[in-house]
Amino acid sequence: MIRVSGLRKSFEGVTAVEGLDFEVAHGEVLALVGTSGCGKSTTLRMLNRLIEPDAGHIEIDGRDAREVSPDALRRGIGYVIQGVGLFPHWTVAQNIGTVPRLLRWDRARVRARVEELLELFGLEASEYADKYPSELSGGQQQRVGVARAMAAEPAMLLMDEPFGALDPVTRGRLQDEFTAIRRRRGITAILVTHDMDEAFRLADRIAVMDAGQILQIDTPERLLRGPREGFVRQFVGLDDRALRILSLHRVRELSRPAADAPAPNQWVSPDDTLREAASRLIWEAGDSLAVVEEGRVTAEIRAEDIWRTGARGAP
Amino acid sequence: MSRAGLALAALFALFVALVLRPELMSPLLRLVAEPGQVLLYDRQPIRVLVGWHLALVAAAGAVACAVGVLLGVLVTRPAGADFMTLARMISNLGQTFPPIAVLAIAVPLLGFGFEPTFLALCAYGLLPVFENTVAGLRGVPATVREAARGMGLAGAQRLWRVELPLAAPVILTGLRLSTVINIGTATIGSTVGAVGLGEVIIAGLQSGNTAFVLQGALLVALMAICADLALRRIERALTRA
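Same order as they appear, the protein sequences are chains P and A. First residue of the first sequence: 1, per the numbering used here; consecutive thereafter. First residue of the second sequence: 1, per the numbering used here; consecutive thereafter.
Don't take every hint at face value.
Claimed, not checked - Take a look, some chain P residues computed to stay more than 10 Å from chain A by CB distance:
{"hint": "1", "residue": "K131"}
{"hint": "2", "residue": "L174"}
{"hint": "3", "residue": "A242"}
{"hint": "4", "residue": "T273"}
What the hints assert, rightly or not - If the Cβ cut is set under 7 Å, some of the chain A residues that face chain P in the computed set are:
{"hint": "5", "residue": "T143"}
{"hint": "6", "residue": "M151"}
{"hint": "7", "residue": "A154"}
{"hint": "8", "residue": "A156"}
{"hint": "9", "residue": "P165"}
Unchecked claim - Heads up, incomplete: computed chain A residues facing chain P, CB under 8 Å, no partners named:
{"hint": "10", "residue": "L6"}
{"hint": "11", "residue": "L8"}
{"hint": "12", "residue": "V144"}
{"hint": "13", "residue": "E146"}
{"hint": "14", "residue": "A147"}
{"hint": "15", "residue": "R149"}
{"hint": "16", "residue": "G150"}
{"hint": "17", "residue": "G152"}
Keep in mind the hints are simulated off the structure, nothing from the lab. Because the structure is a prediction, the values reported are computed rather than measured. Glycine included, C-beta positions come from ideal geometry on N, C-alpha and C.
Please put together the full structure from these sequences, using the hints given.
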């Protein structure tokens, strides 16, 4: 649980961030979005005191961040930065073990944790543990960067454009992985990004920032359905909001009972998004689709239900 | 063994052979000697001269390294940034001031022999180490520094575990340059009575014996080349890690 109130910072008289208040619940991911220079990175860096705020209050799991020494505070907070910043002279295992070693975990515990994380991120420990960062692809480096941040089981993760420098395909895959890991392990995180799509994919709530202030902080769906006039409206982008809303929902939410049968040609799985289902329905020019699990039809989803979900004024 | 390794081994073996058995060089020296001249320097055993020469360079190198790295670290800390100009001036001065002039000033204060030469070499060898330490530390990528800070490494931990190891190859290059320069420069110490290979060259110059000059110069050059190759190998090993 992170509670921020009245956070303010100016650099040489120029206000970077002002009057920031927000909370992040345990297990929640909050995205700070906005254009460059809107103060989102400054905000993030104040949370682990890489920048000291001029005024305001930061509370992490009930403790005032100022009561802890900056180094101790940072060891309790995972930090993923743009450009990864892996230590080039250390192996993957040493990189991931950085904070646990600082916290003086014993050797066996560090090794076990490193192996667990490598497995979690789909990197074979026997193959990757002893490699140097320069021997990894960009996507692999980024995975190691996130694994390193999670190593000491921190209360929260701070992520500054974590998947920024990757090609779209790799970025999409990592975003999916991150979501999957979140679902399995539960991650509390604050994510900074200028990419609205990334925020919609990863965050439970989104704070839209401009000129050092939070203009609106809401769930993705409410942000899409009711953006404030002005910058938020413009930044969120309303051209394809119906489709974006559909991509926030899963097929299982709308599935209706259906008779058991073998899988037909076109079908969706319960974890597909409504956007994917809609796309398939449009392609087939149909009005319903089979929902298939393990090769058998278990339910069906109807076009009218999907259209209603994406419509204005839907619940 | 690699080719560079073979070259180093061969040159080092040659150097050792010429130090322990100076007479091996006689056929070569005879080419430049006047008839009837002594070919081989015989006032001191060569191995004693080499020993002192090395000791002088090593001692000065150690000091230049310690001071240069310390200064370099100091001026790259936020608290020491103000000293950058001053430190740069001092180390530049050490390099631009000719060692022979340092000797001229130091002899009245420290007397003849080892000490003034040592001082001159320390001053002369400082700049490459200092400059390369600064360059090496500044060359640590900003993302890596940011990550180290964000992970909660304390200042000294960042320096010892991240910054210095990453800067090490560049610092070592500075130390190599400094050492190679000083192996040559140390010869002038013999003008103020420091024991070293310069003695052979100067004796040759004074008595018009080209054989002595060639003998001394060859040994100094071999020593410098061996040191250069050896330190390069260490650099490469560090860079690979």
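Evaluation of the provided hints:
1. The beta carbon of K131 of chain P sits about 13 Å from the closest Cβ of chain A, which is more than 10 Å, so the claim that it is off the interface holds.
2. Every CB of chain A lies more than 10 Å from the CB of L174 of chain P, the least distance being 18 Å, so the non-interface label holds.
3. The claim that A242 of chain P lies off the interface holds: its Cβ sits roughly 39 Å from the closest Cβ of chain A, which is beyond the 10 Å cut-off.
4. No beta-carbon of chain A comes within 10 Å of the beta-carbon of T273 of chain P; the shortest separation is about 34 Å.
5. A distance limit of 7 Å between C-beta atoms decides the matter here; for T143 of chain A the minimum to chain P is near 4 Å, and the interface restraint holds.
6. The criterion of a C-beta within 7 Å of any C-beta in chain P is met by M151 of chain A, whose closest approach is roughly 5 Å, and the hint holds.
7. With 7 Å as the threshold, the beta carbon of A154 of chain A comes within range of chain P, its nearest partner Cβ sitting at about 5 Å, so the hint holds.
8. Taken as an interface hint, A156 of chain A does not check out: its beta carbon lies about 11 Å from the nearest beta carbon of chain P, beyond 7 Å.
9. Because the closest C-beta pair between P165 of chain A and chain P is about 5 Å apart, less than 7 Å, the hint holds.
10. Of the supplied interface hints, the one on L6 of chain A is violated, with its beta-carbon coming no nearer than about 28 Å to a beta-carbon of chain P, more than 8 Å.
11. A distance limit of 8 Å between C-beta atoms decides the matter here; for L8 of chain A the minimum to chain P is near 25 Å, and the interface restraint is violated.
12. Checking V144 of chain A against chain P by beta carbon gives a least distance of about 5 Å; that is within 8 Å, so the hint holds.
13. Look at E146 of chain A: its Cβ gets to within about 6 Å of chain P, closer than 8 Å, so that hint holds up.
14. With a cut of 8 Å, the hint placing A147 of chain A at the interface with chain P holds, because the nearest CB-to-CB distance is about 3 Å.
15. For R149 of chain A, the interface hint holds, since its Cβ comes within 8 Å of a Cβ in chain P; the closest pair sits about 6 Å apart.
16. Of the supplied interface hints, the one on G150 of chain A holds, with its beta-carbon coming within about 4 Å of a beta-carbon of chain P, less than 8 Å.
17. For G152 of chain A, the suggested interface contact is upheld, since its CB lies about 3 Å from the closest CB of chain P, less than 8 Å.
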